[in-house]
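In case you want the letters, here they are:
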Amino acid sequence: MSAAVSEAERRELEAFLFLEARLADTSRYAEWEALVTDDMSYWVPAGPVQPGADPAAGLSYINDNRARLATRIRQLQTGKRHAQTPVSRLARSLSNIEVLAATDGEYTLCATQVVYEVATQASARLQLWPGRVTYRLRRAEDGSLRMAAKTVELVTAGEPLPNLAFLL
Amino acid sequence: MTNYGDLVGGDRVHASLYADESVFADELDRIFTRGWVFVGHDSEVAEAGQWVTRRIGREPVIMTRDRDGSVHVLANRCSHRGTALCWEHRGRATSFQCNYHAWTFGLDGSLRAVPYPAGFEKDRVSLGLDRPAQVDSYRGFVFANLDGSAGPLAAHLGRGGVDMIDRLCDLSPTGTIHLAPNWIGHQVHSNWKMWPESDNDGYHLNWVHASMVSSAPDTYYQETVLGGETGNQSLAVDWGDGHVELDFRPSYRRELAWLGVTRERVASYCDALVAARGAEAANRSLWDGPPHGLIFPNLFLGELNLAIIEPTSASTMVHWHTAVQLDGVDEAFNRRILRQSEAAMGPAAFIVPDDAATAERMQLAVDGVQPGWASAADPRGWIDMSRGLGRERTEPDGRKAALISDETTNRGFWRQYRTVMSR
Ligand code: FES
Ligand SMILES: [Fe+2]
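Top to bottom, those sequences are chains A and B.
Mapping of the first sequence onto this note's numbering: position 24 corresponds to residue 24, and the numbering continues sequentially without gaps.
Just so we're on the same page, this note's numbering is the position in the second sequence counted from 1, plus 168.
Errors might be hidden in some of the hints.
In silico SDA-like pairs for lysine to any residue, Cα to Cα no more than 25 Å straight-line [unchecked claim]:
{"hint": "1", "chain 1": "A", "residue 1": "80", "chain 2": "B", "residue 2": "391"}
{"hint": "2", "chain 1": "A", "residue 1": "80", "chain 2": "B", "residue 2": "530"}
{"hint": "3", "chain 1": "A", "residue 1": "80", "chain 2": "B", "residue 2": "386"}
{"hint": "4", "chain 1": "A", "residue 1": "80", "chain 2": "A", "residue 2": "125"}
{"hint": "5", "chain 1": "A", "residue 1": "80", "chain 2": "B", "residue 2": "508"}
{"hint": "6", "chain 1": "A", "residue 1": "80", "chain 2": "B", "residue 2": "389"}
Computed far set for chain A versus chain B, every beta-carbon distance over 10 Å [claimed, not checked]:
{"hint": "7", "residue": "3"}
{"hint": "8", "residue": "10"}
{"hint": "9", "residue": "17"}
{"hint": "10", "residue": "34"}
{"hint": "11", "residue": "37"}
{"hint": "12", "residue": "74"}
{"hint": "13", "residue": "99"}
{"hint": "14", "residue": "104"}
{"hint": "15", "residue": "111"}
{"hint": "16", "residue": "114"}
{"hint": "17", "residue": "118"}
{"hint": "18", "residue": "130"}
Hints in this document: simulated from the structure, not taken from any laboratory.
Ideal Cβ placement from N, Cα and C applies to all residues, glycine included.
From just these sequences and the hints, can you work out the full model?
As structure tokens, then:
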């Protein structure tokens with residue numbers, strides 16, 4: 001299933017995802033946070049997800065409501081978050097972008113994402129974070145896009161993972 | 169042969185113990201083969217046929233529940249040609265069938281069936297799965313001793329292990345707990361012993377966790393571990409036998425501080441606990457909360473989290489954790505525990521990733537240290553662990569205790585290490 005959107009609208013949606021990706025890659029926390037809604041949810045499940053699964057039923061790597069996401073960003077901004085001091089060097093590739101649903105200024109998209117990370121804080125290892133991302137985007141009153149939900153299903157979810165302290 | 173008495177002093181240890189491969193091999197033998205090791209909680213295999221996979225040191229095992237209700241711990245290795253019988257983290261089976269030549273084992277590990285039996289002359293009884301010589305449990309916590317030489321579990325747990333497990337389970341109105349539906353593995357490029365240390369180090373909080381403290385300032389860590397050197401009454405405790413604890417109880421200024429709520433918010437839980445245990449005992453538990461300590465060598469009771477410290481090589485390990493769920497409470501209460509756990513534990517949480525970065529930095533610095541440097545004419549590679557040694561006191565109940573920031577917990581771990589590594 002994919003939703004019919006105009007070419008212009010599709011380009012606008014993709015541009016938003018690329019901006020979000022670049023701000024996350026470059027650890028521009030305040031600018032990234034400005035893209036999200038007041039009810040943003042950010043979910044990185046710790047295992048394969050069954051359709052309709054309740055994120056609250058088990059333990060996730062990340063299961064942030066807006067308040068906890070704000071704490072996460074505040075912590076990164078202290079400059080004392082050792083797990084991100086210095087910040088990881090990051091580059092992510094987004095592909096396979098599909099618009100799954102579009103109704104009343106709200107859009108559901110999915111994409112495939114691979115984040116390349118060098119964990120500069122200690123081990124300086126190259127780490128790969130491949131996964132499938134689902135976004136819920138919504139138009140604000142001024143018509144611009146905001147992100148209301150981001151779910152990252154890592155293909156490595158459920159296996160032991162190293163520190164995941166940057167914005168996935 | 170390494171003489172561990174030369175590498176572990178009462179107030180210092182030699183850094184080669186975190187890096188040397190032959191030390192790691194000795195640990196797998198003397199700690200993880202000859203000693204008791206935590207395997208899992210029996211609620212993980214509540215029903216017959218449920219199984220989970222674990223490691224005892226590097227030995228892969230299956231913990232499963234038999235039809236008669238007993239819990240077995242079995243080597244996850246076919247006795248024919250050595251194939252793993254289970255390759256996922258958990259599942260359910262009526263028997264274990266190897267996919268290579270289809271030998272079939274019962275839930276008790278006995279060999280039940282072999283295809284083409286005519287060519288098979290050995291006694292099947294001799295070909296059951298390997299299993300630890302001793303498996304025992306206390307309040308659902310299942311431990312195993314691979315070689316059978318460790319003596320009874322009760323002697324291993326001692327007062328400290330029993331006291332900490334009791335305080336955790338007694339928070340439940342039924343006196344029993346179960347675990348969250350999944351464990352999360354945190355992979356760290358550090359020696360495993362840095363985790364019994366840092367999980368129970370009351371000295372590092374103000375620095376390693378400064379970012380958490382300033383961005384989430386309303387946690388109970390404020391009253392229990394922060395402030396100046398003498399600013400709170402929490403204790404670093406050595407129970408003996410390698411079991412150690414950061415005892416927050418003297419610092420709590422209100423009941424339920426450990427849960428971050430008032431009594432009104434969890435009234436039905438408190439009522440159930442009072443009904444089950446009487447007002448005095450229940451109120452004591454509501455103030456005291458769960459323990460924060462280590463059961464030697466691999467089980468961390470982190471308030472309402474359990475963590476297993478799994479060594480994978482001299483310089484790598486996995487810190488596995490899950491959340492404790494209380495029986496006899498409503499779902500909202502247990503979900504509060506899950507959300508607390510997500511904030512504290514695992515690769516993306518607010519606390520443990522900073523310990524992981526620190527442990528990896530420590531590993532970077534110890535990786536090349538050689539055991540021979542300890543006793544060279546110009547000794548190198550010793551690291552200090554003397555803090556608070558002079559002000560340790562023995563409590564009336566026999567525990568050694570000092571200020572929360574003193575290294576009493578780390579010395580307690582290492583004293584047991586020296587004892588068992590010297591056997
Ligand atoms: S290896 Fe298991 S049946 Fe042959
Ligand atoms: Fe810590």
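Right, here's what the structure says about each hint:
For the given pair, residue 80 (chain A) sits about 21 Å from residue 391 (chain B) by alpha-carbon distance, which is consistent with the 25 Å threshold. For the suggested pair residue 80 (chain A) and residue 530 (chain B), the alpha carbons sit about 18 Å apart, so the restraint of at most 25 Å is met. Pair hint residue 80 (chain A) plus residue 386 (chain B) holds up; C-alpha atoms about 18 Å apart against a cutoff of 25 Å. A threshold of 25 Å between alpha carbons decides the hint, and for residue 80 (chain A) with residue 125 (chain A) the separation of about 21 Å falls inside it, so the pair holds.
Simply put, residue 80 (chain A) and residue 508 (chain B) have alpha-carbon atoms about 22 Å apart, close enough for the 25 Å limit, and the pair holds. A distance of roughly 17 Å separates the Cα atoms of residue 80 (chain A) and residue 389 (chain B); the hinted pair therefore holds under the 25 Å criterion. Listed as a non-interface residue, residue 3 (chain A) keeps its Cβ farther than 10 Å from every Cβ of chain B; the least gap is roughly 31 Å. Taking the minimum C-beta to C-beta distance to chain B, about 32 Å, the non-interface status of residue 10 (chain A) holds against the 10 Å cut.
For residue 17 (chain A), the shortest C-beta to C-beta distance to chain B comes to about 21 Å, beyond the 10 Å cut-off, and the non-interface label holds. Every C-beta of chain B lies more than 10 Å from that of residue 34 (chain A), the closest at about 18 Å, which supports listing it as non-interface. Non-interface call for residue 37 (chain A) relative to chain B: holds, since the shortest CB-CB distance, roughly 21 Å, exceeds 10 Å. Some Cβ of chain B comes within 10 Å of the Cβ of residue 74 (chain A); the nearest lies about 4 Å off, and the non-interface call is violated.
With a least beta-carbon separation of about 28 Å from chain B, residue 99 (chain A) lies farther than 10 Å from that chain, consistent with its non-interface assignment. No beta-carbon of chain B comes within 10 Å of the beta-carbon of residue 104 (chain A); the shortest separation is about 31 Å. At the 10 Å boundary, the C-beta of residue 111 (chain A) stays outside the reach of chain B, the nearest C-beta of that chain being 20 Å off. The non-interface label for residue 114 (chain A) is consistent with chain B: the shortest C-beta to C-beta separation is roughly 18 Å, beyond 10 Å.
Separation of residue 118 (chain A) from chain B is adequate, the least Cβ-Cβ distance of about 13 Å exceeding the 10 Å criterion. Every CB of chain B lies more than 10 Å from the CB of residue 130 (chain A), the least distance being 16 Å, so the non-interface label holds.
Violation of the numbered hints given earlier is confined to hint 12; every other hint is satisfied by the structure.
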